[in-house]
Amino acid sequence: MKKILLYSLLSLTLFAACKKEEVLVDGQRPEERITEAVTKYTNALTGSTTGWKAFLYPDGGGGYSFYLNFSKDNKVTMYADLDIDPAQTSKESTYKVRALQNPTLSFDTYGYMHILADPNPATFGGVAGWGVYSDFEFTFDKLSGDSIMLTGKLLKSKLILVKASQAEQKSYNEKGLLNSIMTQVNYLDANPNLYIQPDDSGTRIQTSFDYNNKVFSLVWEENGEVQTTSTGFAFTLTGIVLKEPLVYKGKNISEFTWDTAKQVYFTMVNGTRIEIKTSVTPILPLHTILGVQYSTITAPNATTYPGWSTDFQTRRAAAAAAMLAGPYALRLDRMAFKFNSIQKTMVLTVDIYQGTSRFVGDFPYTYTKTTAGVFKFTAGTPTGNAALIVGNMVPLTTQRLNSDNFTIGYFTHPTTGALLGQFKSVENPGFTFTGALQ
Amino acid sequence: MCALTILASCKREGTLNANLDAIDQNIITNKNATDIWLDQNFLNPYNIETKYRFDRFELPSGKNITPPSVDQVIPAMEMVRDVWIKPYEAAGGADFIKRIAPRQFVLAGSAEYNSNGSITLGTAEGGRKIVLYVINSFDKTNISSVKQMIQVIQHEYTHILNQTVDFTPEYQTVSRGGYEANWTQRPLSEAYSLGFITQYARVSPVEDFAEQSSNMLMMGRVQYNSIVATVPADAQVKLKKKEQYVVDYFKTAFNIDFYKLQKEVQLALFKVSAPVLHRMIGPGVGYTTLYANPSTDSNQSAEFLGLWNTAKTSMTAGGFVLKDFAMTFKANSVMTLRYTFTNAAGTTTYFADADYNMALNTTTGVTTFTLLTTQPTGTTYSNMGVINARMAGVNSYFSTGSFRINWINQIIPGEIGFLGSLGAFYKTTNASSYFYGTMGN
Numbered sequence: 087m088k089k090i091l092l093y094s095l096l097s098l099t100l101f102a103a104c105k106k107e108e109v110l111v112d113g114q115r116p117e118e119r120i121t122e123a124v125t126k127y128t129n130a131l132t133g134s135t136t137g138w139k140a141f142l143y144p145d146g147g148g149g150y151s152f153y154l155n156f157s158k159d160n161k162v163t164m165y166a167d168l169d170i171d172p173a174q175t176s177k178e179s180t181y182k183v184r185a186l187q188n189p190t191l192s193f194d195t196y197g198y199m200h201i202l203a204d205p206n207p208a209t210f211g212g213v214a215g216w217g218v219y220s221d222f223e224f225t226f227d228k229l230s231g232d233s234i235m236l237t238g239k240l241l242k243s244k245l246i247l248v249k250a251s252q253a254e255q256k257s258y259n260e261k262g263l264l265n266s267i268m269t270q271v272n273y274l275d276a277n278p279n280l281y282i283q284p285d286d287s288g289t290r291i292q293t294s295f296d297y298n299n300k301v302f303s304l305v306w307e308e309n310g311e312v313q314t315t316s317t318g319f320a321f322t323l324t325g326i327v328l329k330e331p332l333v334y335k336g337k338n339i340s341e342f343t344w345d346t347a348k349q350v351y352f353t354m355v356n357g358t359r360i361e362i363k364t365s366v367t368p369i370l371p372l373h374t375i376l377g378v379q380y381s382t383i384t385a386p387n388a389t390t391y392p393g394w395s396t397d398f399q400t401r402r403a404a405a406a407a408a409m410l411a412g413p414y415a416l417r418l419d420r421m422a423f424k425f426n427s428i429q430k431t432m433v434l435t436v437d438i439y440q441g442t443s444r445f446v447g448d449f450p451y452t453y454t455k456t457t458a459g460v461f462k463f464t465a466g467t468p469t470g471n472a473a474l475i476v477g478n479m480v481p482l483t484t485q486r487l488n489s490d491n492f493t494i495g496y497f498t499h500p501t502t503g504a505l506l507g508q509f510k511s512v513e514n515p516g517f518t519f520t521g522a523l524q
Numbered sequence: 030m031c032a033l034t035i036l037a038s039c040k041r042e043g044t045l046n047a048n049l050d051a052i053d054q055n056i057i058t059n060k061n062a063t064d065i066w067l068d069q070n071f072l073n074p075y076n077i078e079t080k081y082r083f084d085r086f087e088l089p090s091g092k093n094i095t096p097p098s099v100d101q102v103i104p105a106m107e108m109v110r111d112v113w114i115k116p117y118e119a120a121g122g123a124d125f126i127k128r129i130a131p132r133q134f135v136l137a138g139s140a141e142y143n144s145n146g147s148i149t150l151g152t153a154e155g156g157r158k159i160v161l162y163v164i165n166s167f168d169k170t171n172i173s174s175v176k177q178m179i180q181v182i183q184h185e186y187t188h189i190l191n192q193t194v195d196f197t198p199e200y201q202t203v204s205r206g207g208y209e210a211n212w213t214q215r216p217l218s219e220a221y222s223l224g225f226i227t228q229y230a231r232v233s234p235v236e237d238f239a240e241q242s243s244n245m246l247m248m249g250r251v252q253y254n255s256i257v258a259t260v261p262a263d264a265q266v267k268l269k270k271k272e273q274y275v276v277d278y279f280k281t282a283f284n285i286d287f288y289k290l291q292k293e294v295q296l297a298l299f300k301v302s303a304p305v306l307h308r309m310i311g312p313g314v315g316y317t318t319l320y321a322n323p324s325t326d327s328n329q330s331a332e333f334l335g336l337w338n339t340a341k342t343s344m345t346a347g348g349f350v351l352k353d354f355a356m357t358f359k360a361n362s363v364m365t366l367r368y369t370f371t372n373a374a375g376t377t378t379y380f381a382d383a384d385y386n387m388a389l390n391t392t393t394g395v396t397t398f399t400l401l402t403t404q405p406t407g408t409t410y411s412n413m414g415v416i417n418a419r420m421a422g423v424n425s426y427f428s429t430g431s432f433r434i435n436w437i438n439q440i441i442p443g444e445i446g447f448l449g450s451l452g453a454f455y456k457t458t459n460a461s462s463y464f465y466g467t468m469g470n
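From first to last, the protein sequence lines stand for chains P and X. The first sequence: position 216 = 302 (this note's numbering), numbered continuously. The second sequence: position 404 = 433 (this note's numbering), numbered continuously.
It is worth saying that the hints were derived from the structure and are not from the lab. Please note that a few of the clues may not be correct.
Below, in silico cross-link-like pairs of lysine to aspartate or glutamate (DMTMM-like), each with a Cα-Cα straight-line distance of 25 Å or less [said to hold, decoys possible]: (1) P:K161 <-> X:D100; (2) X:K60 <-> P:D159; (3) P:K337 <-> P:E308; (4) P:K158 <-> X:D168; (5) P:K161 <-> X:E272; (6) P:K161 <-> X:E78; (7) P:K177 <-> X:D64; (8) P:K161 <-> X:E87; (9) P:K158 <-> X:D68; (10) X:K169 <-> P:E178; (11) P:K161 <-> X:D64; (12) P:K161 <-> X:D84; (13) X:K80 <-> P:D159; (14) P:K177 <-> X:E272; (15) X:K80 <-> P:E178; (16) X:K60 <-> P:E117; (17) P:K239 <-> X:D68; (18) P:K261 <-> X:D100; (19) P:K242 <-> X:E87; (20) P:K239 <-> X:D84; (21) P:K161 <-> X:E107; (22) X:K60 <-> P:E122; (23) P:K244 <-> X:D84; (24) X:K60 <-> P:E178; (25) P:K228 <-> X:D84; (26) X:K176 <-> X:D263; (27) P:K177 <-> X:E107.
Chain P is faced by these chain X residues, among others (derived, beta-carbon under 7 Å) [claimed, not checked]: (28) N59; (29) P96; (30) P97.
What you are looking at is a predicted structure, and each value in this text was computed from that prediction instead of being measured. Ideal placement from N, C-alpha and C gives every residue a C-beta, glycine not left out.
This is chain X alone, in the form it adopts within the complex (with noise of 0.2 Å):
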């Protein structure tokens, strides 16, 4: 009753008119182009709000952390939009941004220095808010500027949608053991083997499932494949067990079909940078494999397909039936060449295989292939001995000067970039002689 009185009391005082405009640090009475962008592209579309200008209470204190550059913003928040924002759309649906995001970009022009020597590139709060660093060296045109952007954004989204719906507690069974709070003195080699992507995965759990989604969309299927081929056999099955786990809660949590979201973020990417195929073929860079089957192939080259169509009918005259031939990218610039024929009556399957030293100049994408003097042994590689002879014109073709590699869609039309991209090698001296075949891993 006494409080009552109170609240009274003060209430008969007089209504509250103060005017507060001069201290709200956040009312912008004089908005700039930039602000206006912000509004119609963040603002009123997504109710997430752009803050540029340097405010020390939304950024961790005691640190020196300088604001961007006014002409830096836009650039950034264009591919924040495109390459984060657009696939969510396009794989969760046009509303699922404006549902489950932050509620506030906080933008600082540079790192974020910690004691420890590492620079922090971002920070998310209780999915609210993200801070973006560095944004006064960013760069829309560079693509490992907008990917180390967009990584991290990905990366603290991945938290901010396992508040609102947690991931599965067996995930953080797979690597256990591997948690290790001082990921910065140990190297990425041992964060592999134990079955994380990047070593600062090995924080916790959280961490590590967070950078098990973001890398996977940013590295993209083709690259995330070959680097989970190169680490040692037990981490490969933690990371594809860790790999089938984001996959499903994408689905069960969201209804995302996690594959979808990647491609489009990799299309995202693409338009940032096309995908050069020479820059995307090795173990741990991209495609591991090329496969080609000459004879039901819609258009390999007159050239090649004459060479090999010889060899077949010479085959045949041995009693054996050619069937195609697959290359494998290695370690050390080494290329298998496989051939896979069967005996006549098509009941065994056999391989014949050499290894060719495979020249690629990186910079311009042109490559020889040199037969190796000494080959390994084996069945397969002796089977090569058995049919050299038939298959001689095939192989004068690919030892026979120079290849310039790239995509063949201007030939064939289709998606450059995923798995099952079709890739070309183009005689340097007539680039109407080639030979194409499906890239994978």
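The following block holds chain P by itself, in its conformation from the complex (with noise of 0.2 Å):
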């Protein structure tokens, strides 16, 4: 009976449960709200027919454009900054609004966008089994006036279109995008050293566009270090674009539009036109790159070379002509500093040969450098074949390398021109000598 009793009470407790989820919330079945979200996301891509500027940013990095075109029949039509063909022919795939846990919109069959995220190396390189870590599934974040906002559903890629006019429409369907593209990598090619002035103090602030891997940075030198700061950019009709703004010294930095009158970059700084300048010699001292971009100067074998003073190539000479003399008849080649800015050392590894076999003698040093780029090298214990030679090296490490302060800073070869780093003793300024960058 009190069983009875108990679940007739349950019972009515259901029947009262089942009756209230009558009440919406807003009004509306959940199936109700989903269709109204599919067909409002649906209408807003294909709302815009002069279709959309799309802006990828890819969970691994780097940044791309693309032109995407939505029909009402679910097909896309895109070009994209990939490469040369995407740029120029567009191709068609399909595309479907999805109401999955949140609405989706989902490039459901291979285009352009696909090529990033394609698992096979060989197609845009990456890593096998997710090329550069990109999505082509995205759910919607935010419609907000000619923009919306959208995020990877696999990987949180970033996704950013923005409606494109009818006038960008139809150059993108002029190659515009590749033309675009092609003037700016010519110039960047042909101009390696670029940099900025922000501000009044005249600093030179290099920028670096790394177009193979997407990703823009600001470089430049402060107390005798390097600071960098980069972001992914993607390639637009006018210039590029920046994944997020870069920040030198509260100016915020956004893109840069290709002045084709005056052939330059420039962009726009709180009303202010800040250009990109072009430099024969590397922005920054060799000094603050050094174990940074370049790792290692290496003295060629020689007797002479340019940049090299009497005294180096006397001193060369000892050493070469009494390792020679000495019981294993050794032979003096290269010699090559290598740089480790963390570790603060430099390791001095001398070839020498005995008749045609290569062996190495490696010199470790620990260095201390002040902010305006004087290194102070102290010599650890030789190691390996090194031993052989300590004797015979003495005229350039005793009494120079080890004994001396340096300076060390760019040199143009004066018939290949190419760029060289120097060591410049401070106390015996006669003391120089050059050898490749690397």
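With the hints as a guide, bring both chains together as one complex.
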């Protein structure tokens, strides 16, 4: 009897619960809400009859631009800044707005966008199984004005759609993207040393466009150290756009525009036009990027060489003669100075030949460096075959490298134009030598 | 009683009239030409759905797999229809695929990359669905591309057949002890020596059976037999046993003549790429023998037949009866020529062998035969010394000039690419001078 009563009560509760569910919070059934959302986003996509400029920033880094035109019958045509062909030939594939947990834009057959995610590294490089870690299914985050923000479902890549104007659509259809990319790439190839001077201090800030990986960086020197800030970038019809603004002393840089008339890049910061300038020599002092951009200065096997002082030549000749006269009849060959800026170490590797057999001797150093770029090397214990030539090397090592202070700067080879690195003794300014930068 | 109350109470609330079209992912409202083609060629006749639009839930989770390009779908599925379905219909009856088939093909543009460094080209789930990968690199005019894809289907379809009718448990005793989870690390030569047709066959008896069946179908008998002939003797016994189990399985479970099915598959593949005889010669590759009996063959060339008859007359004068000849194509470009003859009474049969170097240009299909200066020893080789002078004309025919290898179906109509097909060696200087024989292994 008790049990029956209990069940009856329970069923009453359930009955009530069922009844309560009839009242929907916002007056809509779930499927109605989803249908509405799907319709809303589909209409938004197909609503731009002149298509969309799209900027995709894969989880794996870099940035890529697309032009997308969505049709009502679930087709989408694309251009992309991935390569020459995608930039000039449109490709049609399919898309669908799906009601998954969140409304999702799925590029559901292969188009240019999938090239980035293609797991076969032969397609676009990257990692086997992942490509460059990009998405082709996105959830809608925000519709705002002429823009739609989306996030990749698998890897959280960022996709931003911005309505294209009629003029932009026309440009994409007339190889505008390819022409823009080619102009910029040609300029970047011809001008490896680019910089901006964003403030009155005159500090030169290197601007580096790595268009293979689509990474843009600002690099500058601060207290003798290199500071770098980087982000992905994508090509546009008129220049490049950055994934997020890069900040230098409060100044936000978010894009660069190519000035066709003046043949320069510029950007606007707080209403001021900042142009990118070119330089024939590298922007940053060599000492700041030794161990960063360049790790090794290699003095070749020679008796004379551009940038080698008489004192160096004499001392090198003395060392070479001593080795050759030694018990192993060793011939001095090239000398490589390898820097590690994190450990603050430098290793001098000397190639020595006995007949045609190559041996190496390592002379390890630790070093300190002033903010002005003066190096002081402290010799460690030579290792390997270096022990055989320690005595022979004294004119170069003990008498100079181990005892003097050095500055290290650029030196341009007078005939080849190659950029070399040059050691110069502070105490003995007549002792200088150069080597190839690697 | 209380449950009834609850149901009743809920039921009274109103009819279900939700429109779920927006939620159902499988409704395609705007069918394009590809969708319509798939309906006409797969859905309507076979009740097989082909899903090519990306759906993460149809693919392994956590993997990055890119979808197919739309224009790759029809070429791939044409080959599925022609090389997989049609042969089964020919050998198993028009409704065979309708009765037993996967219900769904899911197409993926890329491969699935696995953590052990391998890539997956196809998977099957519970007899219901087959996932075909690398559709974007599929080329229906490239025989290896077609073979790679259909191989996957034949393999997975064997699983589906096995789920309908199990194969005999004795099958797994043939290569007992050879199954190995770490198959990617083990070489093919080891798999062969244990009686497995592929490395993957070592995973389990179920995979072994599917590999055995699908490879026999896709290789055809000529290539399959040729591969079997190259493995150690005990492994040959195992592979032949497995072949017989497969043939018996198809007969008893589905009343299918496996060799007919195999032939139909080969015919479909020949439409993609006609068989080229000179690429089908050699151990592990295809044909290893040519047999001819010029006295009875219908259409040997006049020049060759004349030389043969002269030799025959000379042999008769020497007290022998010349019967026939055979060529055996061996490793390292060696061809062994064998004449068979008897004594005058026909009571004793003799063989006379000679080894030649067969310098085959695999591009042009042109070859020469050069008698090796050092011949193996043995009775059959020394027998050649006995009859050499009498056979001089024929021997000289073989070793003079070069031959272009081709089928002889332009002269003697017949099937090409199968065991027993006729192959000919035409003089490059004069195509009406040739010899031909039955190709086998």
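The hints, checked one at a time:
Straight-line distance between C-alpha atoms of K161 of chain P and D100 of chain X comes to about 13 Å, which keeps the hinted pair within the 25 Å bound. Annotation: proposed proximity of K60 of chain X to D159 of chain P holds, straight-line Cα distance about 8 Å (limit 25 Å). For the hint pairing K337 of chain P with E308 of chain P, the CA-to-CA distance comes to about 16 Å; that is within 25 Å, so the pair holds. Restraint check for K158 of chain P and D168 of chain X: not satisfied, since their Cα atoms lie roughly 31 Å apart, outside the 25 Å limit.
Annotation: proposed proximity of K161 of chain P to E272 of chain X is violated, straight-line Cα distance about 49 Å (limit 25 Å). For the hint linking K161 of chain P to E78 of chain X, the alpha-carbon distance of about 21 Å falls within 25 Å, and the restraint holds. The suggested pairing of K177 of chain P with D64 of chain X holds, with an alpha-carbon distance near 19 Å, which does not exceed 25 Å. Distance check on the hinted pair: K161 of chain P and E87 of chain X sit about 22 Å apart at the alpha-carbon level, within 25 Å; holds.
At most 25 Å may separate the alpha-carbon atoms for a hinted pair to count; K158 of chain P and D68 of chain X meet this at roughly 22 Å. With a CA separation close to 21 Å, the supplied pair K169 of chain X and E178 of chain P stays within the 25 Å bound. Distance restraint check for K161 of chain P and D64 of chain X: the Cα-Cα separation of roughly 13 Å lies within the 25 Å cut-off, and the hinted pair is therefore satisfied. A hinted pair counts as satisfied when its Cα atoms are at most 25 Å apart, and K161 of chain P with D84 of chain X qualifies at roughly 17 Å.
Proximity of K80 of chain X to D159 of chain P is assessed by CA-CA distance (about 18 Å); at most 25 Å being required, the pair is judged to hold. Taking the CA atoms of K177 of chain P and E272 of chain X, the gap is near 48 Å; set against the 25 Å cutoff, the hint is violated. A distance of roughly 18 Å separates the Cα atoms of K80 of chain X and E178 of chain P; the hinted pair therefore holds under the 25 Å criterion. A hinted pair counts as satisfied when its Cα atoms are at most 25 Å apart, and K60 of chain X with E117 of chain P qualifies at roughly 23 Å.
For the proposed pair K239 of chain P and D68 of chain X, the alpha carbon gap of about 31 Å is over 25 Å, so the pair is violated. For the given pair, K261 of chain P sits about 24 Å from D100 of chain X by alpha-carbon distance, which is consistent with the 25 Å threshold. Using a Cα cut-off of 25 Å, the hinted pair K242 of chain P and E87 of chain X holds, with the two alpha carbons roughly 21 Å apart. Our distance criterion of 25 Å between C-alpha atoms is met by K239 of chain P and D84 of chain X, whose separation comes to about 12 Å.
A C-alpha spacing of about 23 Å is found between K161 of chain P and E107 of chain X, which places the hinted pair at or below 25 Å, so the restraint holds. In summary, the hint linking K60 of chain X to E122 of chain P is supported, as the alpha carbons are separated by about 22 Å, within the 25 Å threshold. For the proposed pair K244 of chain P and D84 of chain X, the alpha carbon gap of about 20 Å is at most 25 Å, so the pair holds. The straight-line distance between the Cα atoms of K60 of chain X and E178 of chain P is roughly 15 Å, inside the 25 Å bound, and the hint therefore holds.
For the proposed pair K228 of chain P and D84 of chain X, the alpha carbon gap of about 24 Å is at most 25 Å, so the pair holds. Proximity of K176 of chain X to D263 of chain X is assessed by CA-CA distance (about 29 Å); at most 25 Å being required, the pair is judged violated. Taken as a hint, the K177 of chain P and E107 of chain X pair is honoured in the structure, with Cα atoms around 23 Å apart against an allowance of 25 Å. For the restraint placing N59 of chain X at the interface with chain P, the shortest Cβ-Cβ distance is roughly 4 Å, inside the 7 Å limit, so the hint holds.
The beta carbon of P96 of chain X comes within 5 Å of a beta carbon in chain P, closer than 7 Å, and the hint placing it at the interface holds. This hint holds: P97 of chain X has a C-beta 6 Å from the nearest C-beta of chain P, less than the 7 Å allowed.
Going through the hint list in order, the structure does not satisfy hints 4, 5, 14, 17 and 26.
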